[in-house]
Amino acid sequence: MSQEKTHIIPYKTYVYVLLVLLCLTFISVAVTSIELGTLTVTVALVLASIKSFLVLSYFMHLRFDQKIYAIMVTGILLIIIIVILITFLDYYYR
Amino acid sequence: MTIETTGKVYKSFFEEKGGKKGIFAWIFSTDHKRIGLLYFYSIITFFVTGATLGLLMKLELIAPGETIVKAQTYNSLFTVHGVIMIFLVVIPGIPAVFGNFLLPLQIGAEDVAFPRLNLFSWWIYVAGAVLVLLSLFTGTGAPDTGWTFYAPYSFKTSTNMLPAVLGAFILGFSSILTGLNFIVTIHRMRAPGMTWFRMPLFPWTLYGTGWIQLLATPVIGITLLMVVGERLFNIGFFDPALGGDPILYQHLFWIYSHPAVYIMILPAMGVISEIIPTFARKTIFGYKAIVLSTLAIAFVGYFVWGHHMFTSGMSGTALFTFSILTFLVAIPSAIKVFNWVSTLHKGSIYPSLPFFWAISFIFVFMIGGLSGLVLGSLATDVHVHDTHFVVAHFHYIVFGGTGFAFFAAIHYWFPKIYGRMYNMTIGKIGWIIVFLGFNTLYGPMFYLGIKGMPRRYFDYLKEYTDFNVISSVGAMILITGMVIVIVNLIYAGFKGEKAVANPWGGSTLEWTVPSPPPLENFEKIPEVTTGPYTYS
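Same order as they appear, the protein sequences are chains A and B. With our numbering as the guide, the letters of the first sequence map in order to residues 1 to 94. With our numbering as the guide, the letters of the second sequence map in order to residues 1 to 536.
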């Protein structure tokens, strides 16, 4: 069942997203020189999540495609989060 | 040229060789049907190899003490038996053979979405298989860790671990690519009018399985690479002496390997969901419930891995969480069984060989499933963990479930695939011998396990002798039945009577094309206007 839906994104948008990604990359490198203690990993993960979100939304067209694909990706992320949480039920309470 | 029973002349996919000759027309073909058969012949070869190793183990256990092999050889036997059966036979099994052959036919497509990737998957499978087999005959002796490659032993043993682990790693890619191919095919290539809820149940299970293959398999890939790193560079992921945690290995291994059980069993359930309505001459009971239970199994199946680790030393909180989740996953499995039985209720049942395989699947799968509850429950699991009870349980699920469904599938679709029919009487004799042999082989293991006989030992105390003898005799009966079944099919492939296009009166799309199907399946892509199981 082919339900083609096309969407043309201006190059300008891609360039903006690329610049934001580069900025975030510099920030994630720069932030390592600051002593954040236990927050180091959290900051790195938050920055990586923002970058992933941008790539998925714009370069992989999730923002413009049918909602079902966004739901599928969300479902996958949910599975990964639950798997990590359950694993830590062992390590945290051991 | 093949002549259809209607008198129409056409070229079947066996005759369309794509300009290639001999074996090249097979190993370089991108036709989903030929690739399905490539997997079929490979898997049957490995199945026979694995079964032979299994028989050797049972011969060793026919009497206490050393019977035919030494302890170290026995360790290698159960390891290689497990690796071959799990990674080369059962995991690819139904999706790679019947998924490849039938998915496009059942959804009204010409082929899968990525035919070249499909062929590449088979080549990767062969490469992985060669590496696994090399580990047997090269280096310092066949691996002896068990198919689970548990750390820390797996990076300390002097046996030939690396090729086996790398082989399993490579095989994972074949699984991922097949899963990806099926997901995209189902999303993009269903025939006009085939809405999601008009799709047959076998493709639905391939869809659920595809997601597990795609998401869970990379975890085992990374884990096996970590084992390689540990062995070669002493990194310290899992070795307590280097600050690692061996239980982390078990978590990572089972995060993949438990969902892998659903890679094995979901397509098997799909096969049964196809056969039952055809032979009950009735629409399947609770189509949507079966679909949702498929997705529920695929989803919840990700979160139950810890029940393999109840005695490993996890925290109490993790233990009861995994136990509850394990009981949850039993619900969708039970829904399917109830739906199959309800479909049979008041059906005009046409008892034939594929149907016998299907109902024997339900019988042995129920025993396997219910014995799983004993293992999912914390208190009882401690008693039977790592005993023969576990061996019996997973053979009832993996062989009784996936294996019986595989044979149900080949007997159901054989006339479609080869355009010939097998000898029904010999097939029925083979089936009943397999069924009796199977239960004689694995049934006593439940008792042996409850009485405390551990698994993976080549020797046992004298009080376990009687039931071990019964079990070993069962293995011989089972092998006899298997030989009859396989020889009957091979003979039919060459000399069987010509089969009609739809010998069972099936209502899904594959039965609308000639047997064997033409290269591009459908003369014209069909328009679907009804659900898959329409019997008037």
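No wet-lab data here; the hints were simulated from the structure. Worth double-checking, as some hints may not be accurate.
[Stated by the list, open to error] In silico contact screen, one side only, chain B against chain A (beta carbon under 8 Å); selected entries:
#1 His251
#2 Tyr302
#3 Thr321
Each residue gets a CB set at the ideal place from its N, CA and C atoms; glycine is no exception.
Q.
Are any of the numbered hints broken by this structure? If so, which, sorted upward?
A. As far as the earlier hints go, not one is violated by this structure.
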